[in-house]
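Q: Residues per chain are reported as follows:
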Amino acid sequence: MIEIEHIEKSFQGKTALRDISLSIPEKQTMVIVGCSGCGKTVLLRSIIGLVKPERGRILVNGRDVTAMRRKELFEIRKQFGMLFQGAALFDSMTVEENIALPLREHTKLNPAQVRQKVSEKLKLVGLSSIGDKKPSELSGGMKKRVGLARALIMDPKYMLFDEPTTGLDPIMSDAINRLILNTQQQLNITSIVVTHDLKSAFTVGNRIAMICEGVVIFSDSVEAFQNSDHPVVRQFIEGRSGPREEK
Amino acid sequence: MMIAGFFENIGHTFLSYLREVGRMVILMIRIVRFSPDIIRNRSLTIGQMMKIGVLSLPLVTVVSMFTGAVASWQAAYQFRGLISLDFLGAAVSAAIFIELSPVLTGLVVAGRVGASIAAELGTMCVTEQIDALESLAIDPVRYLALPRFTAGWITMPLLVIYSNIVAHFGAYLVASFLMDVSTAAFFGSVQRYFLFHNVLSGLVKALVFGGGTALVGCAVGFSTTGGAEGVGKSTIRAFVYSSAFILISDYILATFLF
Ligand SMILES: Nc1ncnc2c1ncn2[C@@H]1O[C@H](COP(=O)(O)OP(=O)(O)OP(=O)(O)O)[C@@H](O)[C@H]1O
Ligand SMILES: [Mg+2]
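The listed protein sequences derive, respectively, from chains A and B. Residues 1 to 247, numbered by our numbering, are exactly what the first sequence covers, in order. Residues 1 to 258, numbered by our numbering, are exactly what the second sequence covers, in order.
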């Protein structure tokens with residue numbers, strides 16, 4: 001259970017998040033949508049303590065992430081997997097080393113077991129035989145999937161996906177959607193998925209929240225989202241630009 | 001009005017330097033807290049030692065060779081008509097051990113290694129790789145800063161030992177071919193006035209310079225913001241700060257060691 005309570009965060013006086021409250025029940029997938037620059041990434045980063053909000057609390061299983069000492073924070077991060085928007089692969093390491101790093105650092109598995117697990121996860125994201133490549137030799141979509149494999153390697157309890165299907169072709173997007181769905185159903189992972197891709201949102205989400213200019217303007221089930229008559233939500237679903245009718 | 005602005009500017013600059021120094025002290029404390037992990041990190045540390053050595057060796061060779069040669073030439077000029085050139089070896093040797101090798105090697109390493117650490121960690125910072133490490137519950141201070149810092153203070157004295165040898169050779173070449181000092185006279189005088197204390201002080205300086213340079217590189221790298229441009233600025237800052245650190249701490253150490 002992740003409970004976000006009245007989070008506020010600004011950068012150099014510019015507000016990024018303003019009074020955000022959301023709660024994500026165990027074993028559910030919460031999709032977060034919203035226009036570019038509205039604070040989705042900042043919200044995800046706050047959940048694992050990469051960003052310190054100025055106000056509010058973030059409770060993971062009842063424990064407040066924003067008040068944790070570094071040591072506790074590192075313990076709680078071991079339960080999380082995060083896929084970064086830009087994949088954030090280590091460019092001095094090969095793909096295999098990237099994915100294996102958490103295993104090498106946090107477990108006592110021998111090299112053969114590590115290799116086995118790495119190739120398992122690579123297969124899961126639809127990649128194989130690229131283990132020896134450096135990230136600079138990969139396409140954007142491949143990087144994303146390697147990032148996903150790295151985030152999944154420790155079999156986390158919670159997954160945070162920052163735009164998992166951006167930059168992927170429709171077939172691969174569908175495969176990743178299925179993967180997210182499977183992880184939730186089979187491994188009982190609690191996830192938050194930030195996306196602009198409504199098809200993906202409707203496929204993987206149990207609930208959808210929409211953020212606009214740092215505030216949650218909608219948070220309900222997928223069906224309610226599709227049938228909502230909130231003007232900004234409608235505008236987002238129909239993909240219309242232009243001035244918002246009302247607010 | 002203008003004068004007030006001028007002083008305000010100086011104040012701001014001074015404060016920002018203070019902040020920078022504070023950041024380095026804090027990083028130092030955090031690195032020391034992780035020191036029990038040195039064993040666990042050993043392969044990372046050895047990798048960094050290799051890198052520092054390989055990066056610096058060609059330049060250290062050239063710089064040391066010419067430093068020795070210039071020292072020899074200059075001392076001979078100052079000795080002329082006053083002191084017998086039989087003392088040339090001793091004078092040059094002491095200067096090399098105490099001052100020339102550690103400081104010049106230190107500055108070379110500050111330029112190559114300090115800047116390259118800042119560029120590498122700075123790039124990792126602006127491309128979210130540091131955040132990625134954090135998200136994987138791996139502390140960047142332990143994983144990145146500790147091995148670089150350790151490698152810095154271990155490798156630097158080794159480089160200075162090497163530099164000592166090369167610089168003596170350079171000094172000898174000038175003395176023997178241009179000043180007509182015999183090999184026996186040159187090395188005889190080096191040996192007669194040899195003080196182990198001099199060598200040791202040089203190596204203590206090297207250790208401080210090496211650790212300091214790596215620490216500055218890491219602190220500057222970790223505080224990089226603003227994309228590729230920011231990385232460029234960090235590289236320059238790392239060089240400037242570590243050079244300043246070397247010259248200032250050289251003075252402070254001199255007052256303690258002699
Ligand atoms: N480290 C930072 N320093 C300064 N401002 C920041 C920082 N991180 C985010 N911001 C600002 O916070 C706001 C929200 O950014 P965020 O990255 O969360 O947007 P987003 O919703 O993820 O957008 P997108 O869909 O384009 O990824 C933006 O206005 C951005 O400029
Ligand atoms: Mg984003």
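Quick caveat, the hints were computed from the structure, so don't treat them as lab data. Fair warning: this is a prediction, and the values are worked out from it, not measured in the lab. Treat the hints with caution; some may be incorrect.
What the hints assert, rightly or not - Under the rule of at most 25 Å between Cα atoms (straight-line distance), these lysine to any residue pairs were calculated in the SDA-like manner:
1) Lys-71(A) with Thr-94(A)
2) Lys-117(A) with Met-179(B)
3) Lys-51(B) with Lys-14(A)
4) Lys-14(A) with Arg-33(B)
5) Lys-71(A) with Gly-230(B)
6) Lys-78(A) with Ser-16(B)
7) Lys-52(A) with Leu-179(A)
8) Lys-52(A) with Met-28(B)
9) Lys-14(A) with Ser-43(B)
10) Lys-51(B) with Gly-230(B)
11) Lys-71(A) with Ile-29(B)
12) Lys-133(A) with Ser-43(B)
13) Lys-134(A) with Tyr-143(B)
14) Lys-199(A) with Met-154(A)
15) Lys-133(A) with Ile-38(B)
16) Lys-78(A) with Gln-191(B)
17) Lys-71(A) with Gly-226(B)
18) Lys-14(A) with Arg-40(B)
19) Lys-134(A) with Ser-16(B)
20) Lys-133(A) with Ile-26(B)
21) Lys-78(A) with Ile-38(B)
22) Lys-51(B) with Arg-40(B)
23) Lys-71(A) with Ser-16(B)
24) Lys-14(A) with Gly-47(B)
25) Lys-78(A) with Met-24(B)
26) Lys-27(A) with Lys-134(A)
27) Lys-14(A) with Val-51(A)
28) Lys-78(A) with Gly-226(B)
29) Lys-108(A) with Arg-40(B)
30) Lys-78(A) with Phe-222(B)
31) Lys-78(A) with Ile-138(B)
32) Lys-52(A) with Arg-40(B)
33) Lys-133(A) with Glu-128(B)
34) Lys-27(A) with Phe-222(B)
35) Lys-52(A) with Ile-38(B)
36) Lys-78(A) with Asp-131(B)
37) Lys-108(A) with Thr-127(B)
38) Lys-108(A) with Asp-37(B)
39) Lys-78(A) with Gly-230(B)
Q: Would you mind marking each hint as holding or not holding in the structure?
A: We went through each hint and held it up to the structure:
A threshold of 25 Å between alpha carbons decides the hint, and for Lys-71(A) with Thr-94(A) the separation of about 29 Å lies outside it, so the pair is violated. Restraint check for Lys-117(A) and Met-179(B): not satisfied, since their Cα atoms lie roughly 69 Å apart, outside the 25 Å limit. At most 25 Å may separate the alpha-carbon atoms for a hinted pair to count; Lys-51(B) and Lys-14(A) exceed this at roughly 42 Å. Pair hint Lys-14(A) plus Arg-33(B) does not hold up; C-alpha atoms about 36 Å apart against a cutoff of 25 Å.
Taking the CA atoms of Lys-71(A) and Gly-230(B), the gap is about 30 Å. The hint is violated against a cut of 25 Å. For a cut-off of 25 Å, the pair hint linking Lys-78(A) to Ser-16(B) is broken: about 36 Å separates their Cα positions. Restraint check for Lys-52(A) and Leu-179(A): not satisfied, since their Cα atoms lie roughly 31 Å apart, outside the 25 Å limit. The hinted pair formed by Lys-52(A) and Met-28(B) meets the criterion: a straight-line CA distance of about 23 Å does not exceed 25 Å.
For the given pair, Lys-14(A) sits about 44 Å from Ser-43(B) by alpha-carbon distance, which is inconsistent with the 25 Å threshold. Between Lys-51(B) and Gly-230(B) the alpha-carbon distance is near 24 Å, which keeps this suggested pair within the 25 Å criterion. In summary, the hint linking Lys-71(A) to Ile-29(B) is supported, as the alpha carbons are separated by about 16 Å, within the 25 Å threshold. Of the pairs offered as hints, the one joining Lys-133(A) and Ser-43(B) holds, with about 22 Å between alpha carbons and a cut-off of 25 Å not exceeded.
This hinted pair checks out: Lys-134(A) and Tyr-143(B) have alpha carbons roughly 20 Å apart, not beyond 25 Å. The hinted pair formed by Lys-199(A) and Met-154(A) fails the criterion: a straight-line CA distance of about 28 Å is larger than 25 Å. Distance hint between Lys-133(A) and Ile-38(B) is unfulfilled; the C-alpha atoms sit about 29 Å from each other, more than 25 Å. As the CA atoms of Lys-78(A) and Gln-191(B) are separated by approximately 60 Å, the hinted pair breaks the 25 Å bound.
A C-alpha spacing of about 29 Å is found between Lys-71(A) and Gly-226(B), which places the hinted pair above 25 Å, so the restraint is violated. Restraint check: the Cα-Cα separation between Lys-14(A) and Arg-40(B) comes to about 42 Å, which exceeds 25 Å; the hinted pair is violated. Between Lys-134(A) and Ser-16(B), the direct Cα distance comes to roughly 38 Å. Violation of the 25 Å bound is thereby established for this hinted pair. Proposed proximity of Lys-133(A) and Ile-26(B) is contradicted: the alpha carbons are some 37 Å apart, above 25 Å.
Only pairs whose Cα atoms come within 25 Å are accepted, and Lys-78(A) paired with Ile-38(B) is accepted, the gap being roughly 22 Å. As the CA atoms of Lys-51(B) and Arg-40(B) are separated by approximately 19 Å, the hinted pair is consistent with the 25 Å bound. Distance hint between Lys-71(A) and Ser-16(B) is unfulfilled; the C-alpha atoms sit about 29 Å from each other, more than 25 Å. For the hint linking Lys-14(A) to Gly-47(B), the alpha-carbon distance of about 42 Å lies beyond 25 Å, and the restraint is violated.
Of the supplied pair hints, the one linking Lys-78(A) and Met-24(B) is violated, its CA atoms being roughly 28 Å apart against a limit of 25 Å. Straight-line distance between C-alpha atoms of Lys-27(A) and Lys-134(A) comes to about 34 Å, which puts the hinted pair past the 25 Å bound. Pair hint Lys-14(A) plus Val-51(A) holds up; C-alpha atoms about 15 Å apart against a cutoff of 25 Å. With a C-alpha separation of about 29 Å, the suggested pair Lys-78(A) and Gly-226(B) falls outside the 25 Å cut-off, and the hint is violated.
Distance hint between Lys-108(A) and Arg-40(B) is fulfilled; the C-alpha atoms sit about 13 Å from each other, no more than 25 Å. For the given pair, Lys-78(A) sits about 23 Å from Phe-222(B) by alpha-carbon distance, which is consistent with the 25 Å threshold. At most 25 Å may separate the alpha-carbon atoms for a hinted pair to count; Lys-78(A) and Ile-138(B) meet this at roughly 9 Å. A threshold of 25 Å between alpha carbons decides the hint, and for Lys-52(A) with Arg-40(B) the separation of about 30 Å lies outside it, so the pair is violated.
Among the hinted pairs, Lys-133(A) with Glu-128(B) is consistent with the structure: their alpha-carbon atoms are about 20 Å apart, no more than 25 Å. For the proposed pair Lys-27(A) and Phe-222(B), the alpha carbon gap of about 36 Å is over 25 Å, so the pair is violated. For the proposed pair Lys-52(A) and Ile-38(B), the alpha carbon gap of about 30 Å is over 25 Å, so the pair is violated. Restraint check for Lys-78(A) and Asp-131(B): satisfied, since their Cα atoms lie roughly 14 Å apart, inside the 25 Å limit.
Under the criterion of a C-alpha separation no larger than 25 Å, the hint pairing Lys-108(A) with Thr-127(B) is inconsistent with the structure, at around 29 Å. For the proposed pair Lys-108(A) and Asp-37(B), the alpha carbon gap of about 16 Å is at most 25 Å, so the pair holds. A C-alpha spacing of about 31 Å is found between Lys-78(A) and Gly-230(B), which places the hinted pair above 25 Å, so the restraint is violated.
Hint compliance for this structure: hints 1, 2, 3, 4, 5, 6, 7, 9, 14, 15, 16, 17, 18, 19, 20, 23, 24, 25, 26, 28, 32, 34, 35, 37 and 39 are not met, and every other hint is.
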